[in-house]
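A.B. asks: For chain A, the structure is supplied; the task is to place chains B and C with the ligands on it using the hints.
Residue numbers (our numbering), protein chains in the order written: chain A, 798 to 1339; chain B, 27 to 359; chain C, 4 to 420.
A hint or two may mislead.
Reference listing, derived: stretches of chain B covered by chain C, where coverage requires no fewer than 3 residues with Cβ under 8 angstroms from a Cβ of chain C [what the hints assert, rightly or not]:
| # | segment |
| --- | --- |
| 1 | 103-110 |
| 2 | 126-138 |
Distance condition first, Cα-Cα at most 20 angstroms in a straight line; then the derived SDA-like pairs of lysine to any residue [to be verified]:
| # | chain 1 | residue 1 | chain 2 | residue 2 |
| --- | --- | --- | --- | --- |
| 3 | A | Lys800 | C | Ala216 |
| 4 | A | Lys815 | B | Phe40 |
| 5 | A | Lys800 | C | Asp286 |
| 6 | A | Lys800 | C | Gly99 |
| 7 | A | Lys1303 | B | Arg89 |
| 8 | A | Lys1303 | B | Pro213 |
| 9 | A | Lys1303 | B | Met58 |
| 10 | A | Lys1303 | B | Ser50 |
| 11 | C | Lys46 | B | Met58 |
| 12 | A | Lys800 | C | Gly341 |
| 13 | C | Lys314 | C | Gly341 |
| 14 | A | Lys1303 | B | Arg140 |
| 15 | A | Lys800 | C | Arg221 |
| 16 | C | Lys51 | B | Ser50 |
| 17 | A | Lys1303 | B | Phe40 |
| 18 | A | Lys800 | C | Arg227 |
| 19 | C | Lys46 | B | Gly143 |
| 20 | A | Lys800 | C | Ala372 |
| 21 | C | Lys51 | B | Leu47 |
| 22 | A | Lys800 | C | Gln228 |
| 23 | A | Lys1235 | B | Phe40 |
| 24 | A | Lys815 | C | Met211 |
| 25 | A | Lys800 | C | Glu219 |
If you're looking for bench data, these hints aren't it; they were derived computationally from the structure.
The beta-carbon is built from N, C-alpha and C at its ideal position, and this holds for glycine as well.
So you can see what is in the structure, the chains are spelled out below.
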Amino acid sequence: MNKPFAITLEVGSSLANKTGSWRTMRPEYLDRLPPCNAACPAGENIQSWLYHAEGGDYESAWRALVADNPLPAIMGRVCYHPCETACNRALHDAAVGINSVERFLGDAALKKGWAFAPPAAGTGKRVLVVGAGPSGLSAAYHLRRLGHAVKIVEAGPLAGGMMRFGIPKYRLPREVLDGEVRRILDLGVELELGRKVTDIRAEMAAGRFDAAFLAVGAHIGKRAYIPAGSAARMLDAVSVLRGMEGEDKPMLGRRVVVYGGGNTALDVARTARRLGASEAIIVYRRTREKMPAHDFEVEEALQEGVMIKWLSTIRNMADEGTLTVEKMTLDDKGFPQPTGEFETLEADSLVLALGQDVDLSLLDGVPGLEIRDGVAVVGPDMMTGFPGLFAGGDMVPSERTVTVAVGHGKKAARHIDAWLRDTRHAPPPKHELAAFDKLNTWYYSDASKTVRPMLDVARRSSTFDEVVQGLDESNALFEARRCLSCGNCFECDNCYGVCPDNAIIKLGPGQRYEINYDYCKGCGICVEECPCGAINMVPEKI
Amino acid sequence: MIQQTIKFYQTGTFTVGNRLLDESQRSVQANMERTNSLNSGHRACQGCGEALGARYAIDAAMRATGNRLIAVNATGCLEVFSTPYPESSWQIPWIHSLFGNAAAVASGIAAALRMRGQDDVRVIAQGGDGGTTDIGFGCLSGMFERNDDVLYLCYDNEAYMNTGVQRSSATPPTARTATTMAVGDEPGNPFGTGKNVPLIAMAHHIPYVATATVANLRDLEAKVTKAMALRGARYIHIHVPCPLGWGSDPALTIRIARLAVESGLFPLFEAAHGELTSRTFIRRRVPAAEYLRLQKRFAHLFTAGAEAQLARVQAIADRNIERFGLLAPESAS
Amino acid sequence: MLEQMEGSQAVATAIALARPQVICAYPITPQTHIVEGLGEMVKSGELKGCEFINVESEFAALSVAIGASAAGARTYTATSSQGLLFMAEAVYNAAGLELPIVMTIGNRAIGAPINIWNDHSDSMALRDAGWIQLFADTNQEALDLHIQAFRLAEDLSCPVMVCMDGFILTHAYERVDLPAQAEVDAFLPPYEPRQVLDPAQPVTIGAMVGPDAFTEVRYLAHHRQLSALEKIPEVAAAFKARFGRASGGLLRGYRMEGAETVVIALGSVNGTVQDVIDEMRADGMAIGSLAIGTFRPFPLAALRAALAGAKRVLVLEKCLAAGVGGIVTDDVRRALAGEQVRINTVIGGLGGRAITRESLRRVFADACAARLERLSFLDLDTGVVERELARERAARRSGPTAEAVLRQLGAPGSRLG
Ligand SMILES: Cc1cc2nc3c(=O)[nH]c(=O)nc-3n(C[C@H](O)[C@H](O)[C@H](O)COP(=O)(O)OP(=O)(O)OC[C@H]3O[C@@H](n4cnc5c(N)ncnc54)[C@H](O)[C@@H]3O)c2cc1C
Ligand SMILES: Cc1ncc(C[n+]2csc(CCOP(=O)(O)OP(=O)(O)O)c2C)c(N)n1
Ligand code: SF4
Ligand SMILES: [Mg+2]
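Pulled out of the complex, with its shape left as it was, chain A reads as follows (with noise of 0.2 angstroms):
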């Protein structure tokens, strides 16, 4: 065409007119702390393996989980899911059922047979492990696919440690806790059972081993000083739960009292109910909303028909099994004071859950240790006082769970892997976190969490049957759709859309998108229109 001179152009010439030059500010992608994986004490990127089943590849989605945690399907049912309790989402409608979705990943993984990725090459290190509770057994599972091998010295018969012969099976079937375990053995892993390790220098003098990682957990039932006739039957938690996994049940008769406000005397009274008491009452001193145990178990619990003693502390137990119960009342600062009152309780037997303390005699003369407040010292990188003795898990000063433990089983690994080659693991700089305001949420369209769905109370207070049950495809797929993907891109496209200036690049599926700064004029809708907090302003350097 011939066309007229200035009046008449090409089309698509502006491109020669770079306004990237009008720019003071400018927009560049970011990755921020989602506040569940800030929250997570495994560890877990729980928000990338989120995005992987939000696109319903659930396989991805449960590779990308056990990267950091081995135990999904038992993580689904035991984990007390701080992840959920700082989920961003929880300030829009209600977090996100981040458990929920980790236990349909974990159950469909024991379905479908799926396996963990081979170990990488050996690298000729020996390391034992002492204890086969979850602190264990991740240890064991990182250090194994890290290369090493690995030896678990277990005294108990079977692994699982607490997951075994403390969580009841209502809430954590025996299977998935097999299932799992067995995973990991899979791997490669030596599992040596009912033998207990006495002299950890000498264990690892005599199988040559280059280090060890210590979690032998606390099984010691703590004791109240309760005066009780020689006939009273006093029992401790851990002992009574214990006793579940055994051919003979403990006998507990048909009014059971439980003292304590942890989780677990809530799980002895609820197994005392499946067991056949009519009556499981649990004293606890101070209140409803002091008590340790999660809510929701006490809701379950009081479901149950378990009863609740508040502001009570046992005095004595008589032969006949007639407890003398004072009344308390809270002072100023929120402990229980005596108030003189008293009440009698009749109870077949008395079930102690006043903690435990940790078994700390393998550790007998090891140079450096340091034990304060029963439990072992450990530094940062998890290793004791001695050189290459490394510990994690309930025997180490920390919250008792088994989400820490499988956390500090992960991080001793990847320090005694550091160790074992004599340098040092650094773990990558933490992103700032990806706080609620950082977001946009009027793109994210309004979605309830989904329940889970719960047996019936009536088969719950008879039988052992798992209490929770899981979420079925659809709803677990819903449920992960509801990540806010806080922090970090999630490829919705709204920055590529959002430009007035068509200054952003999608670079395709996966790839996400880039800033092309030639045209880009730092108008910064991109980052007010960002969804997740992606995307931030900084100052252009002149």
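C.D. replies: Only chains B and C with the ligands this time, still in chain A's reference frame:
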């Protein structure tokens, strides 16, 4: 057992795209192959809503027509910032003639295409609010009345921006412009003035009239797509914030447009042959003040003694909500 | 084929022969009969492949034409007087965009006072808009010029106005020779646009041009107009070759041999002028005339050459630049720059006032005798003017002049009050 079926894709409903959506459900703007009808290198201000609205609308029209599209542009910011010699930002056949004649030029093109046997090529005309509701109104009405085969897109930034923010008949009450300063007894644009061109368009009984906003891309694209599936005169009035003229943060362009909708000040609706056929419900209702506060042109509403004025603006929003039925009936769950 | 018909009808027929694809119009006297005729032809199916659009204003009419032309259609419209001014902005625009639109101007005065009758004020007001302006002397020429106009416009990518006197030509019944369709088709090939809006080859038409290139754009527009001065005679010659009739061109001389006094005029008045010249030649006076066929671009060189032997020039103008005088005169003066030629301007025929042979003969004679003032007004009623001026001097608030004049003349309008 409590069952919940999946009704939607969680994060795909309001975002531009989303990897989880079926290709067919993604917006035009999410497409890597979108036309970018208005390309990079244009000289619109930072955060210009008009630049964004134009690309949204025309890209959608391009997709709807299989890229068989010609655009006519009235004089105004969009024209000036997109075609300063020697650079054009347009990727489609485009013509600018005058400020007040875009609708007529488009009618002529449509007629020529018919006579040249190129019926499959479609025509859109576009202009600012000034070029549409004021100076181009005669030509617009003529195009409507003849039911010419043109989609007219008005980018409403509520004033004559290109000439330095003077009042137009689309300027809302109380807005400060260069010709309605925030001084005197009734600061800003007086109440009781202005015209609602979408409603006037409906009075022409043309096949399709809609309002849209840069804050709701999917709604906008759906409307453009629907309009392009029809023949005859069609009109879409698109709300496009202007950071310069409104005294707002360029980054907030979309947020402000959204608040206009959520407050009820800019109702989103559709009409066919003069009858209202749908409205887009307000999702999270906000007081008008939330919208107004982000714009310096309304700053005087937030000074002592301006309460009555502010209340009158709120009353306009309330009236819109009632008149157009902008609140969803309590959804039965 | 010879046929007796109204001028407007003749033009409508010529337009139809040119096979336009889009016609748009808005009614204004005296253009109406042309577009009415075309409208009927399109509606009846006589004119095929053409869309006729009734628009809401002249501004829209030309705007529709701009769109249609830019989209590659052969496009036509027509207007007069107020209508031309109402579309003024688009008139410039069509030229700036180099769109080969053809538009008939049924020349008419411009109000106020509103007046529907003929003079040239309308097309003169837009003489510098960048359009070619051709003036027809007769209905036959009007017909012929329209056929030439499309070819010129499309060859040059430049819009063309064909100006014909309102009523005097548009409403006059005369015998015209209608060309055959095949002949017109052979003369006027289908429109091949220089630029077109086409999705297959997208372009941006109508860019904003700043100081960096505006001068060049204007220079090129000027250059194109100059090149039209060559094109117009070529097209006229080609027309003559095909149709056997001289029509159009830059200038049309009449009895110019040895003419010492030359009368210059535009449009239908040339017929009367020629009659008077015949009379005066018969009386032995060395007088001739030049009809300006192409007013824009102005044929400076051709005029200068044509006037080489002239001692006196009388420019008879149907419009007035108030406060200045003649408009055509300025161009004539420019053509004769440096020549010792006396130039007289006679303003006549304003608002449809009849230009009689007697009056012309009087002023021509005065011109030959060098008695004529530089600027004079044909048949001006000096009595009325003087009384009105006196009244104005007497009373500060004298009211509108036009009303007062009508009242003086006892015209019916004065009673409407
Ligand atoms: C009743 C109950 C319910 C609980 N519920 C939950 C819950 O729902 N969610 C949650 O997150 N946490 C729960 N916990 C806490 C959780 O079980 C523990 O924090 C966690 O199991 C600690 O893991 P670990 O690996 O450190 O120790 P453990 O799980 O205690 O495992 C230690 C293992 O080491 C073995 N061992 C000990 N000494 C030796 C030795 N010398 N040689 C060889 N082997 C040895 C033990 O036999 C045991 O198998 C519960 C605890 C109890 C008691
Ligand atoms: C006939 C005419 N009058 C006035 C102008 C000056 N003018 C050019 S653009 C413009 C303002 C355009 O306002 P609007 O149509 O609202 O578009 P915006 O620039 O706000 O996008 C004005 C007044 C003009 N170009 N032509
Ligand atoms: S003045 Fe307003 S409409 Fe014009 S380019 Fe700037 S932001 Fe866009
Ligand atoms: Mg505007």
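A.B. asks: All hints are to be evaluated individually against the structure, with a verdict given for each.
C.D. replies: Okay, the hints, checked on the actual structure:
1. 103-110: holds (count 4)
2. 126-138: holds (count 11)
3. A:Lys800 x C:Ala216: holds, 15 angstroms
4. A:Lys815 x B:Phe40: Given pair lysine 815 (chain A), phenylalanine 40 (chain B) is violated - Cα atoms ~31 angstroms apart, limit 20 angstroms.
5. A:Lys800 x C:Asp286: violated, 57 angstroms
6. A:Lys800 x C:Gly99: Given pair lysine 800 (chain A), glycine 99 (chain C) holds - Cα atoms ~13 angstroms apart, limit 20 angstroms.
7. A:Lys1303 x B:Arg89: Holds. Lysine 1303 (chain A) to arginine 89 (chain B) sits at ~19 angstroms (cutoff 20 angstroms).
8. A:Lys1303 x B:Pro213: violated, 46 angstroms
9. A:Lys1303 x B:Met58: Measuring from Cα to Cα gives roughly 6 angstroms; hence the hint holds.
10. A:Lys1303 x B:Ser50: With a Cα-Cα distance of about 18 angstroms, the restraint between lysine 1303 (chain A) and serine 50 (chain B) holds, given a limit of 20 angstroms.
11. C:Lys46 x B:Met58: violated, 48 angstroms
12. A:Lys800 x C:Gly341: violated, 40 angstroms
13. C:Lys314 x C:Gly341: holds, 13 angstroms
14. A:Lys1303 x B:Arg140: Since the Cα atoms of lysine 1303 (chain A) and arginine 140 (chain B) sit roughly 38 angstroms apart, the hinted pair is violated (cutoff 20 angstroms).
15. A:Lys800 x C:Arg221: holds, 15 angstroms
16. C:Lys51 x B:Ser50: This hinted pair is violated, its Cα atoms lying about 43 angstroms apart.
17. A:Lys1303 x B:Phe40: The given pair, whose Cα atoms are some 19 angstroms apart, holds under the 20 angstroms limit.
18. A:Lys800 x C:Arg227: The hint holds at about 14 angstroms.
19. C:Lys46 x B:Gly143: holds, 19 angstroms
20. A:Lys800 x C:Ala372: violated, 55 angstroms
21. C:Lys51 x B:Leu47: Distance ~50 angstroms between lysine 51 (chain C) and leucine 47 (chain B) Cα, so the pair is violated.
22. A:Lys800 x C:Gln228: holds, 17 angstroms
23. A:Lys1235 x B:Phe40: holds, 18 angstroms
24. A:Lys815 x C:Met211: holds, 19 angstroms
25. A:Lys800 x C:Glu219: holds, 15 angstroms
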